[in-house]
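Peer 1: Chain residues, written in single-letter form:
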Amino acid sequence: MRPTGTAEQTAAAPKPAVPPGKRRGRETALGRRTLLLFGGPFAVLFAAMYVAPLLYATVSSLFVVKRSGLGLAPPTREFEPLHNFAQAFGDHDFLAGLARVGLFAVVQVPLMLGLALGLALLLDSRSARAKGFFRLGAFLPYAIPGVSAALVWSFMYSSESSPINHLLEPLGVHIPFFANGAVLWSVANIVTWSWTGYNMIIIYSALQTIPAEVLEAAKMDGASALRTAWSVKIPAVRGSLVLTTVFSIIGSAQLFNEPAVLQPISSGAISSTFTPIMSAQAAVAAGNYPYAAAQSVVLALAVGVLSFVFFKLTSRGENA
Amino acid sequence: MSATDIPDASRPRGAKPGTTVVSRGLTLSLLLVSTVYFLFPLWWLLVSVTKPFGRQFSGNGLWFDGFDLFGNIGRLTAQNDGIFWRWMLNSVLYCGIGALVGTLLSAMAGYLLAKYRFRGRNALFGVILAAVLVPKILFTLPLYLMFSGIGLIDNPLAVLLPSIVSPFGVYLARIFAAQSVPDEVIEAGRLDGASEFRIFRTVALPMMLPALVTIFLFQFVDIWNNYLLPAMVLSDDRLQPVTVGLVGWNASHGVAVPAPLVVIGSLISVIPLIIAFVSLQRFWRAGMTAGAVK
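Keeping their order, the protein sequence lines are chains U and V. To convert, note that position 198 of the first sequence is 198 in the working numbering; the numbers rise steadily by one, no gaps. Whatever position you read off the second sequence (first residue = 1), add 1000 for the working numbering.
Excised from the complex, chain V in its bound form (with noise of 0.2 Å):
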C-alpha cells in the first residue's frame, strides 16, 4: 500500500497492483471452499445419473463408475408409461404460459405506476409491496379452498390463475419501465396522435424489453419452485408438475418406483433451469441489482 500504486487510479477496480501472493491465495482459497460446498451435491447426481442403473448408491458416489446414461434415461421414459416426460411438459407449459402472461400484467401495472399519476397511486403502489412481504405460502390454504368452492380442483387453471400474478414483477416492471422509457417518447407518441395503449404496445414495450426478460425469468423459477399449490389442487397425477411428482415417487420409498429414477429424474428436471440461468445470466442480475440498489 504505498504512493506507487497511484497510477491506476484511472481504472482501479479488478486491478492486481497492491495484491500479495499471500492475499490472492487466501481469497482464491476461500472461494474455491465454497465452490465445492456449493457444487458438489450437483455433481453426485450428475455422476450417479450416468452410472449403470442400481448402482447410484453405491461406491463413494464422487467418481464415474461404469456408463449407462441412456439406458438410465430411457428407463425413466419407460416408468408409468412415460409419465416423467407429461410432467416435464405440464411444467414448462404452467411456467412458460404463467410468466408470459404474468410479465405481460406486471409490464403494464408497472407502467402504469411509473408514468401515470392518479388518485391512490401511492396507496396502490403500498399494498403490492405489502403483498410482497406476506409469505406467499400463505394464501395456499385459502385459494385451495375457495378453488375447492367452485370446483376447480383438478383444473390446470387453479395452478395458473394464482402464478401470473406477481407483485414482484409489478416491483421490479415499475423500476424499469422510470429506467428505461423517458417521458419525451410516450410525449411525441400523443403528439403524433397515437392512443396511450398503442404508444405503451409500440414505443415503451420494445424499449421495457430487456426488462421484460428479467421479469419472465424470475416468474418463470417462481413457478417452477411453488411446490406446494399444485400438490394440493392436483390430485390427477397427469396434470401434475415435474416437482410434485418426483416428489411423489421419492415417497413410496423404492417399492412402486425405484429410488435410482427419482435420482435421473430430479437431475433431467433441473437442466432446462440450469440451461436458462448459465445463459441468461445478465438478466438475472439486472433484476437483482433493482432489487438492492432501490
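Excised from the complex, chain U in its bound form (with noise of 0.2 Å):
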C-alpha cells in the first residue's frame, strides 16, 4: 500500500486549474476526457430529462393560450408573465387542492412517522423477538406500488364489498370511507400504509448505530427503558427524522395516483382537483398547458419552501 500523500505526484491526468492549496490528497486531480467518460452520459441526460423539463415549465408558465371568439383559429400564445400565477391564486378549486394537501401533510405526516418511530423503538427494545418477522412485515407494503396499493385498499373500502365493515358489522360499525369528510382519510390510510415500514426500517438503521456503551450507561444510571427511548435513543435518531419528515413532506406534495385510483369508485367525493397535481392534470386535459405549467411552479416553490424552512428550524435547534 502506498501511503496516500503520494497522491498527487502519482496522478496520470493533466493538472487542473485548481490551485494546490485546495487540494485534500485522497481525491484525484482527473483530465478533462475521463471527466466527460464518466460524468458525460449522466449529465446529458440528466439535463435533457430533469433541469429542460423545469425550464420548460417555467418559460411557458409565463404565456397565456388565447383562442379566437369562434375556435376555429388554432389558440396562440401570448406573453403575459403574471396572469397565469394571478389566475392560480384566485382559482378556489386549486386553492383548495392545496390546502387540502397542506392538512394532509399537518395530520399525516406527524402520525405515520410516530407510527414508525414507536415501531422502530420497539423492534430496538430489548422486550422485542421475532424481529426480523416484523420487521419484514411493515416493509413489505412498500414493495407494493402505490397504484397498486390504492387498487388494494379500493376493494377493501368498496362500499358494496368491504371486508372492513363486513367483519364491524357486528359491532354496528360502519366506515363511510368515502363520504366527504372521510375520504382525505382514506387515501390518507393507503400512504400511511404503504410508507409506515420504509421509514421504520430508515429510523431502525440509525437506531443500531447507538453505541451499546451509551445505552449500557443508561440503564447503570437505572432509566427505564421509556426514559432511554425518550432521552438517549430518540435524539440520537434525530437526523433520520429531518430526513424523513422531508421525504414525507415532498410525498404529500406529490398526492396523486391513490385520490387518482380510487377516484372513479368515490361518486363524486375525490373531485378532479382533489389535489394540486390532479388540478394541473385537469388544465392540461382542457388544453391549457400553461395554466398548469404555472400550478406546477407554485407547488414546487411552496414545497421548496417549507423543506428549505423546517431543515433551517431543526438545524437551528440543533446549534442550541
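Read the hints as simulated data drawn from the structure, not as lab findings. Bear in mind the structure is a predicted one, so any value in this text is a computation, not a measurement. Ideal placement from N, C-alpha and C gives every residue a C-beta, glycine not left out. Among the clues, some could well be false.
These stretches of chain V come out as covered by chain U in the derived footprint (C-beta under 8 Å, 3 or more residues) [what the hints assert, rightly or not]:
no., stretch
1, 1021-1029
2, 1042-1048
3, 1125-1135
4, 1165-1174
Chain U side only, calculated, beta carbon under 7 Å to chain V, not exhaustive [said to hold, decoys possible]:
no., residue
5, Phe-38
6, Tyr-50
7, Leu-122
8, Ala-292
Since each chain comes alone in its own frame, lean on the hints to assemble the complex.
Peer 2: In C-alpha cells:
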C-alpha cells in the first residue's frame, strides 16, 4: 500500500486549474476526457430529463393561451408573465387542493412518522422477539407499487363488499370511506400503510448505530426502557427523523396516484381537482398547458420553501 | 434494572435480561397488531384470488371459500387476448432495462464525484441533491409536452429515457464508492499503466457490486411505481406497463372487464416485487442505512 500523500505526484491526468492549496490529498486530479467519459452520459440525460423540463415549465407558465372567439383559428400564445399566477391564486379549486394537501401533510406525516418511530423503538427494545419477521411484515407494503396499493385498498373500501365493514358489522359500526369528510383520511390511510415500514427501517437503521456503551450507561444510571427511548434513543435518531419528514412532505405534495385510482369509485367525493397535481392534470386535459405549468411552479415553490424552512428550524435547534 | 444485569455488557443488544414478562408481552402484542394492519390487505388479496370466479367480493373475504386459482389465472390470460402478460413483460422490460442502464450511469457519475477532484464538483453534487428534493411528478407534464413535440408519444423511449436518470442513484453511488473503493487500489492500477476507465471497469466496479445491486433494486421499484408518466405518454395499450393497464381495467367499473380480474391481476403483478424484496432484504437495508446515516 502506498501512502496516500503521494497521490498528487503520481496522478496520471493533466494538471487541473484548481490551485494546489485546495487539494485534499485523498482525491485525484483528472483530465477532461475522463471527466466526460464518467460524467458525460449522466450529465446529458440529466440536462434533458430534469433541467430542460423544469425550464420548459417555468417559461411556459409565463405565457397565456388565447383562443379566437369562434375557436376556428388555432390558439395562440402571448407573453403575459403574471396572468397564470394571478389566475392560480384566484382559483378556488386549486387553492382548495393546496389546502387539502397541506392539511394532509400536517396530520398524516406526524402520524405516520410517530408510528414508524414507535415501531422502530419497539423492534429495537430488549423485549422484542422475531425481529426479522416484524421488520419484513412492516416493510412489505413498500414493495407494492402505489397504484397497486390503491387498487387493493379500493377493494377494502368498496361500498358493496368492504371486508373491513363486514368485520365491523356485528359491532354495529360502519365506516363511510367515501364520505366527503372521510375520503381524505381514506387516502391518508393508504399512504400510511405504504410508507410506515419504509420510514421505520430508516429510523431503525439509525437506532442500530447508537453505541452499546451509551445504552449500557443509561441502564446503569437506572433509566427505564421508556426513559432511555425518550432521552437517549430519540435524540440520537434526530437526523433520520428530519430526513424522513422532508421526504414525507415532498411525498404529500406529489399526492396523485392514490386519489386518482379511488376517484372513479368515490361517487364524486374525490373531484378532478382534489390535489394540486390532479388540478394541473385537469388543466392539461382542458388544453391549457401554461396554466398547468404555473400550478406546478407554485407547488414546487411551496415545497421548496417548506423544506428549506424545516431544515433551517431543525438545524437551529441542533446548534442551540 | 439492577447491578446483576451487568455481566451481559459484552453483547447486550438483543439479549433478554432486564426485561419483564409484561414488557415482552406488551411489545409483542403491539408489534402483532401493527403486522396485522400491514398484512391484512395482502391476505385478503391472496384469499380472493383462490376463490372461484365471481365470489371474490362475497363472504367476509378473510378466509378461503372453494378453490379455483388456476381457473382464475386462465380467465386473466384469456381476457383481451392475453394482454395482461404483455403488460407484465412491458413492465419487466421497462424496469429491467431502465434500472440496468440507470445503475451503470449512476455508478460512473457517483464514482466520479467520490474519487476525483474537479472544478464544479460540489456545485454538481448540490444540483443532484436538489433534484432529489423536487417532487418527481412535476417533471411529468413538461416531459409529456416535450415528447409530443418531437413525436415520441407511444414510443417506449418516452418511458425509458426519463427512467434511466436517477439523482438518488448517483447520491447512493457516491456514498458507496467512497466507502468501498480504497484510493490505494486505484493508485496501484495507475502504476500498472491501466487507463482510468479500465480501472473503473475491472477494479472499482466489482468492489461496488453489492452497492450496485441496491441501486438497481431501488430504481427498478421506482420505475415500476411511476404511474403518471407512462399513463400520459403511452396510449397504445399494448405498450403500457401493468400498473397503467390494471388501472384502465379498474376504471371500466366491471363493465368491459369483470372486476374480479382486476383483483387477480393485482396480486399477480405484485408477486415479482414481493419475491425481490424478501430475497434481497439485505440490499434494501444497505441502501436505506446509507440514506439514514449520511
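Peer 1: With reference to the structure, classify each hint as holding or not holding.
Peer 2: These are the hints, each one checked on the structure:
no., hint, result
1, 1021-1029, "holds (count 5)"
2, 1042-1048, "holds (count 4)"
3, 1125-1135, "holds (count 5)"
4, 1165-1174, "holds (count 3)"
5, Phe-38, "holds (4 Å)"
6, Tyr-50, "holds (5 Å)"
7, Leu-122, "holds (5 Å)"
8, Ala-292, "holds (6 Å)"
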